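With chain G fixed as given, assemble chain Z onto it according to the hints.
For the record, the sequence lines run as chains G and Z. Using the numbering used here, you'd call the opening residue of the first sequence number 167 and step up by one each time. Using the numbering used here, you'd call the opening residue of the second sequence number 167 and step up by one each time.
Be aware that a few hints might be false.
[What the hints assert, rightly or not] If you want a taste of the chain G side facing chain Z, the calculated C-beta under 7 Å gives, among others: (1) 247; (2) 279; (3) 318; (4) 321; (5) 551; (6) 592; (7) 596.
[Unchecked claim] Derived coverage of chain Z by chain G (criterion: at least 3 residues anywhere in the stretch with Cβ under 8 Å from a Cβ of chain G; other residues may be distant): (8) 175 to 186; (9) 497 to 505.
FYI, nobody ran anything at the bench for these hints, they're computed from the structure. Since this is a predicted model, take the numbers as computed values, not measurements. From the three backbone atoms N, C-alpha and C, an ideal C-beta is built for every residue, glycine too.
Protein chains: 2
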Amino acid sequence: MSEERKIPYKIYLEESEMPKAWYNLRADMKNKPAPLLNPGTLKPMTADELKPVFCEELIKQELDDTTAYFEIPQEIQDFYKMYRPAPLVRAYCLEKKLQTPAKIYYKFEGNNTSGSHKLNSAIAQAYYAKKQGLKGVTTETGAGQWGTALSMACSYFDLDCKVYMVKISYEQKPFRREVMRTYGASVTPSPSMETEIGKQILAKHPGTTGSLGCAISEAVEAATTSEGYRYVLGSVLNQVLLHQSVIGLETKAALDKYGIEPDIIIGCAGGGSNLGGLIAPFMREKLRGEKGYRIIAVEPASCPSFTRGKYAYDFCDTGMVCPLAKMYTLGSDYIPAPNHAGGLRYHGMSSTLSQLYDDGLMEAVSVKQTEVFKAAEEFARVEGILPAPESSHAIKVAIDEALKCKETGEEKTIVFGLTGTGYFDMTAYEKFHDGKMDNYIPTDEEIAESLSKLPVVE
Amino acid sequence: MSEERKIPYKIYLEESEMPKAWYNLRADMKNKPAPLLNPGTLKPMTADELKPVFCEELIKQELDDTTAYFEIPQEIQDFYKMYRPAPLVRAYCLEKKLQTPAKIYYKFEGNNTSGSHKLNSAIAQAYYAKKQGLKGVTTETGAGQWGTALSMACSYFDLDCKVYMVKISYEQKPFRREVMRTYGASVTPSPSMETEIGKQILAKHPGTTGSLGCAISEAVEAATTSEGYRYVLGSVLNQVLLHQSVIGLETKAALDKYGIEPDIIIGCAGGGSNLGGLIAPFMREKLRGEKGYRIIAVEPASCPSFTRGKYAYDFCDTGMVCPLAKMYTLGSDYIPAPNHAGGLRYHGMSSTLSQLYDDGLMEAVSVKQTEVFKAAEEFARVEGILPAPESSHAIKVAIDEALKCKETGEEKTIVFGLTGTGYFDMTAYEKFHDGKMDNYIPTDEEIAESLSKLPVVE
Numbered sequence: 167m168s169e170e171r172k173i174p175y176k177i178y179l180e181e182s183e184m185p186k187a188w189y190n191l192r193a194d195m196k197n198k199p200a201p202l203l204n205p206g207t208l209k210p211m212t213a214d215e216l217k218p219v220f221c222e223e224l225i226k227q228e229l230d231d232t233t234a235y236f237e238i239p240q241e242i243q244d245f246y247k248m249y250r251p252a253p254l255v256r257a258y259c260l261e262k263k264l265q266t267p268a269k270i271y272y273k274f275e276g277n278n279t280s281g282s283h284k285l286n287s288a289i290a291q292a293y294y295a296k297k298q299g300l301k302g303v304t305t306e307t308g309a310g311q312w313g314t315a316l317s318m319a320c321s322y323f324d325l326d327c328k329v330y331m332v333k334i335s336y337e338q339k340p341f342r343r344e345v346m347r348t349y350g351a352s353v354t355p356s357p358s359m360e361t362e363i364g365k366q367i368l369a370k371h372p373g374t375t376g377s378l379g380c381a382i383s384e385a386v387e388a389a390t391t392s393e394g395y396r397y398v399l400g401s402v403l404n405q406v407l408l409h410q411s412v413i414g415l416e417t418k419a420a421l422d423k424y425g426i427e428p429d430i431i432i433g434c435a436g437g438g439s440n441l442g443g444l445i446a447p448f449m450r451e452k453l454r455g456e457k458g459y460r461i462i463a464v465e466p467a468s469c470p471s472f473t474r475g476k477y478a479y480d481f482c483d484t485g486m487v488c489p490l491a492k493m494y495t496l497g498s499d500y501i502p503a504p505n506h507a508g509g510l511r512y513h514g515m516s517s518t519l520s521q522l523y524d525d526g527l528m529e530a531v532s533v534k535q536t537e538v539f540k541a542a543e544e545f546a547r548v549e550g551i552l553p554a555p556e557s558s559h560a561i562k563v564a565i566d567e568a569l570k571c572k573e574t575g576e577e578k579t580i581v582f583g584l585t586g587t588g589y590f591d592m593t594a595y596e597k598f599h600d601g602k603m604d605n606y607i608p609t610d611e612e613i614a615e616s617l618s619k620l621p622v623v624e
Numbered sequence: 167m168s169e170e171r172k173i174p175y176k177i178y179l180e181e182s183e184m185p186k187a188w189y190n191l192r193a194d195m196k197n198k199p200a201p202l203l204n205p206g207t208l209k210p211m212t213a214d215e216l217k218p219v220f221c222e223e224l225i226k227q228e229l230d231d232t233t234a235y236f237e238i239p240q241e242i243q244d245f246y247k248m249y250r251p252a253p254l255v256r257a258y259c260l261e262k263k264l265q266t267p268a269k270i271y272y273k274f275e276g277n278n279t280s281g282s283h284k285l286n287s288a289i290a291q292a293y294y295a296k297k298q299g300l301k302g303v304t305t306e307t308g309a310g311q312w313g314t315a316l317s318m319a320c321s322y323f324d325l326d327c328k329v330y331m332v333k334i335s336y337e338q339k340p341f342r343r344e345v346m347r348t349y350g351a352s353v354t355p356s357p358s359m360e361t362e363i364g365k366q367i368l369a370k371h372p373g374t375t376g377s378l379g380c381a382i383s384e385a386v387e388a389a390t391t392s393e394g395y396r397y398v399l400g401s402v403l404n405q406v407l408l409h410q411s412v413i414g415l416e417t418k419a420a421l422d423k424y425g426i427e428p429d430i431i432i433g434c435a436g437g438g439s440n441l442g443g444l445i446a447p448f449m450r451e452k453l454r455g456e457k458g459y460r461i462i463a464v465e466p467a468s469c470p471s472f473t474r475g476k477y478a479y480d481f482c483d484t485g486m487v488c489p490l491a492k493m494y495t496l497g498s499d500y501i502p503a504p505n506h507a508g509g510l511r512y513h514g515m516s517s518t519l520s521q522l523y524d525d526g527l528m529e530a531v532s533v534k535q536t537e538v539f540k541a542a543e544e545f546a547r548v549e550g551i552l553p554a555p556e557s558s559h560a561i562k563v564a565i566d567e568a569l570k571c572k573e574t575g576e577e578k579t580i581v582f583g584l585t586g587t588g589y590f591d592m593t594a595y596e597k598f599h600d601g602k603m604d605n606y607i608p609t610d611e612e613i614a615e616s617l618s619k620l621p622v623v624e
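If we strip away everything but chain G, and leave its shape as in the complex, we get (with noise of 0.2 Å):
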């Protein structure tokens, strides 16, 4: 190992150092994203159409696929620099317990109150509303990630934030709801009495729990029917993809710092929010015939949009009010097994990828849950950092390449996105360490059954 010590176990990037612009993928791509369209006239959404919706400033970074580069506001810079330069870590003791040739590398993203590269997004969403003179913003979360990371970005520019948290997460994971009331914002279970659509649901359904899809409904019904709000979104969007291009491009600067050469970049994908960003400025060297790397997208194999899910125009939420998008899609009825603790529920997966898929410029693997909580243990154990269970089917792949190595002594870097922790996970472990963890696959019928109500476009 001592002859390696010239590399660090952490490389951070001096302030002078870290991006001073977003690269937008989609610019260096031959065959673009479909675009999204209307549910009602299944034309392209229009900037105008998207007003009531989407801040103005991100309406445009969502609908421009030629430019390449977005300067990040000085305000964000600032921001980032609370946080960020990411550290990108040499896992000198995970290599040395699989005794693998193999150099590999985990960009760590959990170094930040939300313990994921959501507030990278946040951030930046929350600049450009209170840029436009909004009072606040609304979103929906699940778990708590995303709503976390806005909550904070919110209380930083002092703007209102007004979360959906669908109500079975409200009421069994109470300590993400409470960091979110830390930052200031208010949590509402969904569904409410407090939107149209919420009172509609909780007549047909008195006694439902709620679900993402509802918790869309009501943010988005929030952000239109209040004055001087509007909804954001924390994964799937160009938009997100474009701001997650930090951790990609901090990746890539503190490679070429030490003059390392990636072979293999492996990210986990729900939405793919964060797979998008980490990839982005290799995807670029590839679109331009520069760089050949492998690209591995991991998914669980609960919720496999792009290993067993279609190509194809679909809803982007079960309340069917959002526009419809192109791509990998299990359909927008589709959700996996309540046992599945795994995260990485989305049904469907950002256009962008799905594009870069179809072309074949990237791969796709899907994993089993109790293999991923084994490696997050195994990658906890000697690295340290306890991992969210949906950064560990990174870690899956990134392990399986590296005994890959051992069997063939090739000595591949491999790049891996560590996107945050699992403090709030640990109900998961739990049921991991006590055995009652299984693992759900969906059978051919339900995916087709699910895939049947697609949307018919042209």
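Just chain Z now, with coordinates in the frame of chain G:
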């Protein structure tokens, strides 16, 4: 703010700038801290007497009050590199919010899974246990911060780790327990049927929910009756302060790097491990007459050892199995009221710090619980980090001092220790948000009652 920008938000030392030796504060003290006494003979404990309980190398560190620097073994330096250096953060946003001319810095020790500074000593103690060829170590834990840190450290050195966790915490705080299990520790609710003392207590009080004193007794018994085990402790002891000096040494190196001269240094104080570590190199200069820093210990009004306790020999545990220590104490029977959620519940204080306080080399203040949580929330909203309640005691007094500067117009430089994150303390935050938190302050009679049971030493 712009001309200040030369000083980054976060000062990270290079790996090459990290401390290579711990600093032993006692070496520069004219009045040495009083020795531990054998509770039977009332004579100073010898190394031989301590051997059945502690590791040999740690006994040397415990008893040595003349050697100024102890080299940090390479293996520990390597482990430190996995989560250190800890950043020294300039609290630009807090300063702006307070509109103070003061410059505020905090040393943030929460960037590791254990969530606090406890890991700095845990890894050292595990290392020496491993080096001595032991199978494992035993310890007690209350809320679980120390137990978590020790579990991580033992996992790294492949050492068995038995944690006796106060039963009520074991049941009410399952998340910390699961973190320990993730790192492979065995966690036993105390009192248990695994030890003689546990059986005795359960026979006498069948429904007891346990106490720290009882857990200590069980952990000590388990260590002394199992082949190849020793007992370890996370605070109070001289050896722990020695290891924690890494906090202060890094802080001073970071300040020196940018030519920053602190006026006031603030730390929270329970048993004293964080405070003793943070102030070590600054106190050195003060002891040598080179500098005149103000050093402030902050303790909860509900457990005010410094400000309302007595400087005397006392038992370190309620079970009275451990050596006697001379310290500021409230009496080993003293237990803060159950409504106290802010940690720092130990009845006594490190002997080293007690002597320094008695010599007038540092100040102490006590603060009320609700004020602490108010400061915690104010800090979180602008600085982004969700602080542990313990750490928030220091935040409260740092804010108070910064506000004094605002009145006087003085541009003082304030440094405080932010020992950890509050992810596992959301129940306390919830009480605070719901207005259900109150302030318990012991009466003079209660303290006198508890102090009346001090052991008679000469």
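*Which hints from the list above does the structure break, by number from lowest to highest?*
The structure conflicts with hint 9 only, although it agrees with all the remaining ones.
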